[in-house]
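Take these sequences, add in the hints, and give me the full structure.
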Amino acid sequence: MTAAPANDIEFRSVTKCYGSVTAVSDINLAVPKGAFVALLGPSGCGKTTCLRMIGGFEQPSEGTVLIDGREMNGVPPYRRPVNMVFQHYALFTHFDVQQNVAYGLKQARPRLAAAEISARAREALEMVRLGGFEKRRIHEMSGGQQQRVALARAIVNKPSVLLLDEPLAALDKKLRTAMQIELQTLQRELGITFVLVTHDQEEALSMSDMVCVMNAGRIVQMAKPQEIYDRPADLFVADFVGKTNRISVTVEPDGATLRLANGMAIAARSCLKPGAATVALRPEAIDLVRQSTGDGSSLAGIVTHRIFLGSTAEYQISVDGLGDFLVTADRRSVQESDLVEPGERVALTFDPGKVHVFPA
Amino acid sequence: MTSSEVAAIESQMKPMTTDRKRHLVTAALVAPAGLWLCVFLVLPFMAMVVFAFGERAPEGGYQAAFTFAQFANLPSRAAAFWNTMMIAPAGAFLCLIVAYPAAYYLAIKSNPKYRLTLVSLVVVPFWTSLLVRTYAWMYILGSRGIPNLLGMIGIEDIRLLNTPGAVLLGIVYGYLPLMIMPIYVSLEKLDRRLLEASADLGAKPVSTFLGITLPLSLPGVMTGVALVTILLLGEYLIPQLLGGGKVFFIGNALVDLFLQSRNWPFGSAIAVTLVVVVVIVLSVAMRIAWKVSGSRQVDLV
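Protein chains in written order, with the numbering used here: chain A, 48 to 407; chain B, 3 to 303.
Be a bit skeptical, because a hint or two may be false.
Claimed, not checked - To give an idea of the interface, some chain A residues facing chain B are shown, with a C-beta separation under 7 Å as derived from the structure:
| hint | residue |
| --- | --- |
| 1 | 121 |
| 2 | 128 |
| 3 | 131 |
| 4 | 133 |
| 5 | 137 |
| 6 | 141 |
| 7 | 150 |
| 8 | 154 |
Said to hold, decoys possible - Label pairs and their in silico Cβ distance ranges:
| hint | chain 1 | residue 1 | chain 2 | residue 2 | range |
| --- | --- | --- | --- | --- | --- |
| 9 | A | 237 | B | 287 | 39 to 47 Å |
| 10 | A | 73 | B | 123 | 51 to 59 Å |
| 11 | A | 356 | B | 293 | 34 to 42 Å |
| 12 | A | 186 | B | 286 | 22 to 30 Å |
| 13 | A | 265 | B | 120 | 33 to 41 Å |
| 14 | A | 117 | B | 293 | 38 to 46 Å |
| 15 | B | 286 | A | 178 | 31 to 39 Å |
| 16 | B | 211 | A | 184 | 16 to 24 Å |
| 17 | B | 92 | A | 117 | 26 to 34 Å |
| 18 | B | 287 | A | 73 | 27 to 35 Å |
| 19 | A | 117 | B | 138 | 22 to 30 Å |
| 20 | B | 132 | A | 68 | 56 to 64 Å |
| 21 | B | 116 | A | 356 | 47 to 55 Å |
Calculated from the structure, these hints are not laboratory results. It should be emphasised that the depicted structure is a prediction, and the values quoted were computed from it without experimental measurement. For glycine and all other residues, C-beta sits at the position ideal for the given N, C-alpha and C.
Right under this line is the structure:
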């Protein structure tokens, strides 16, 4: 007897081609049981194709997809223990809410008793806080409510994996934030694996406990959200997840000093290959001060734009000899007045330890 | 008057003038079609209703009177009513049976690259007159056509022409494109993700078809059935050519009454009865289709 597989979903060197276009190329992925995984990437990176291969709507051109340790090649969607929340929900407009949610239960063979179907549909609707909406027609519901119906419909069959394809894309910001929390709660309550596809890095970072960043059909980095943000694997991840300043530098022959275009030197954390390199620096890792320290440890520049965001403000600063920098400043961290005006000269300082160096 | 008062009055006047303009535009757009329908549909129909309660003048035509005699006489054309009421829906239904798979293939299964070409192929027969095409069927079904071929392999005395079957065949052949198109449109509009969602929820292809595809294409089906049925109820050509006067439609009865025996009042009574029956039957059918599909995407009556 074999032990239950630890992974709910596994991709073994999966490639998917459409004609001459390779959508997904040689992907290996393991999603542990009960995890909340986000596939994050720009549009066209293959994340939706991956999700559709799990759902069974696409078959891999090469490699295998395993669900619960079982090979799924050639298995149609209706025989897979997964359910999907579709982008734009794909609700059945000719049914009411109750019929939409009960649809999955009615497909079960042997047939379930009518009483059980209605009880389980009600239970699912209550889980998404839509109790009492059973008889509503779909077009009478708001976008947020339709989203909940789609969720209830997908969880009613008690799948071992729930797939979510850009589930919050059509909601306004406030509703999206509320639904993010609700999805997390729901995942904990159900204890099943969630696989979320999104192009919104905030959504991926806030909800999931594992983020899989994809680009051009490949997985670039798979790690915990905090690690993705703090230790991006490459420039793409640094750029795509959160905001970042890219600075071209030269690594000195000693391999320990980074030389900026304006002559400033930064000590490297580790030994690097000498030559051209790119440095990524988060906007919030930079401190903004009004007076220059004048000892070469800071960059001097002039504020060109300010975006006020409430508790913080974003500044675009034209740094002498280095171009534009993006800096996020906590209002309290800037001395005297809490906001710096465009046109003011400022100095930028940063902790060399927060600099990420990538070979150019 | 202060400037704010002027502004207030202006803001009151503006919607009025734009409203009037909009009404004028609407009237101008509707007028040609409205006038046409009024002169060539509403007025003639009113004349028919008046005729239906009148009497036949001794020399033929209409003579003013108020009598229900024409309606009382309706049973004398029971055979034509019966044929029409049986064969028209049967023909429409047969058309549906043939058209649905074709429309389904065109809209869902066919390669999108060739879809437009295939759809235009459905319409191509319309470029030739129905009369010519029906004549072709006369030859094919006639004694020198299929019965002749069957005779060669020893199956003798098969009569195909001038039977209800021939009329049905002609109907399905002639009206197929009119049935395919509305069904194709409603299937083509169908959101493919609904089919995926259905499969995702565990529905086998047959269940998906019966539970999702068919109900959602019902408005197209109803439009097609209504369109074909309405046209068939007034059909004259196909029963005349392929039914050979043996399979007699109301259309043939009307031609006979108006042109041969010149009994206008009786012909009017038949026509008015037909219109009333059609309107009642179709509105009931449409109501049912809307209810099932939950939408009113394509409606006719």
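Structure-based check of all given hints:
A cut of 7 Å between beta carbons decides the hint on residue 121 of chain A: the least distance to chain B is about 14 Å, and the hint is violated. The beta carbon of residue 128 of chain A is not positioned within 7 Å of any beta carbon in chain B (closest approach about 10 Å), and the interface hint is therefore violated. Below 7 Å, beta-carbon pairs count as interface contacts, and residue 131 of chain A has one with chain B at about 5 Å; its hint therefore holds. Interface hint status for residue 133 of chain A: upheld, as the beta-carbon distance to the closest one in chain B is roughly 5 Å, under 7 Å.
Interface hint at residue 137 of chain A: satisfied, since its Cβ lies 4 Å from the closest Cβ of chain B, which is below the 7 Å cut-off. At about 4 Å, the closest approach between the beta carbon of residue 141 of chain A and any beta carbon in chain B falls short of 7 Å, and the interface hint on this residue holds. The interface hint given for residue 150 of chain A is met, as the beta carbon of that residue sits about 5 Å from the closest beta carbon of chain B, less than 7 Å. A distance limit of 7 Å between C-beta atoms decides the matter here; for residue 154 of chain A the minimum to chain B is near 4 Å, and the interface restraint holds.
Distance hint for residue 237 of chain A and residue 287 of chain B: a CB-CB separation of about 45 Å, consistent with the stated range 39 to 47 Å. The beta-carbon spacing between residue 73 of chain A and residue 123 of chain B, approximately 43 Å, falls outside the hinted interval of 51 to 59 Å. A C-beta distance of roughly 52 Å is found between residue 356 of chain A and residue 293 of chain B, which places it outside the suggested range of 34 to 42 Å. Distance hint check for residue 186 of chain A and residue 286 of chain B: the Cβ-Cβ separation is about 25 Å, which falls inside the suggested range of 22 to 30 Å.
Range check, residue 265 of chain A to residue 120 of chain B: about 39 Å between beta-carbon atoms, so the 33 to 41 Å window is met. A beta carbon spacing of about 43 Å between residue 117 of chain A and residue 293 of chain B agrees with the range 38 to 46 Å that was offered as a hint. The beta-carbon spacing between residue 286 of chain B and residue 178 of chain A, approximately 37 Å, falls within the hinted interval of 31 to 39 Å. Distance hint check: the CB atoms of residue 211 of chain B and residue 184 of chain A are about 23 Å apart, consistent with the given range 16 to 24 Å.
Under the hint 26 to 34 Å, the C-beta atoms of residue 92 of chain B and residue 117 of chain A, about 51 Å apart, miss the expected range. At about 56 Å, the beta-carbon gap between residue 287 of chain B and residue 73 of chain A misses the expected band of 27 to 35 Å. Between residue 117 of chain A and residue 138 of chain B the CB atoms are about 59 Å apart, so this pair departs from the stated range of 22 to 30 Å. At roughly 47 Å, the beta carbons of residue 132 of chain B and residue 68 of chain A sit outside the given window of 56 to 64 Å.
In this structure the supplied range 47 to 55 Å holds for residue 116 of chain B paired with residue 356 of chain A, their Cβ-Cβ distance being about 53 Å.
Violated hints, listed in ascending order, are 1, 2, 10, 11, 17, 18, 19 and 20; each of the other numbered hints is respected by the structure.
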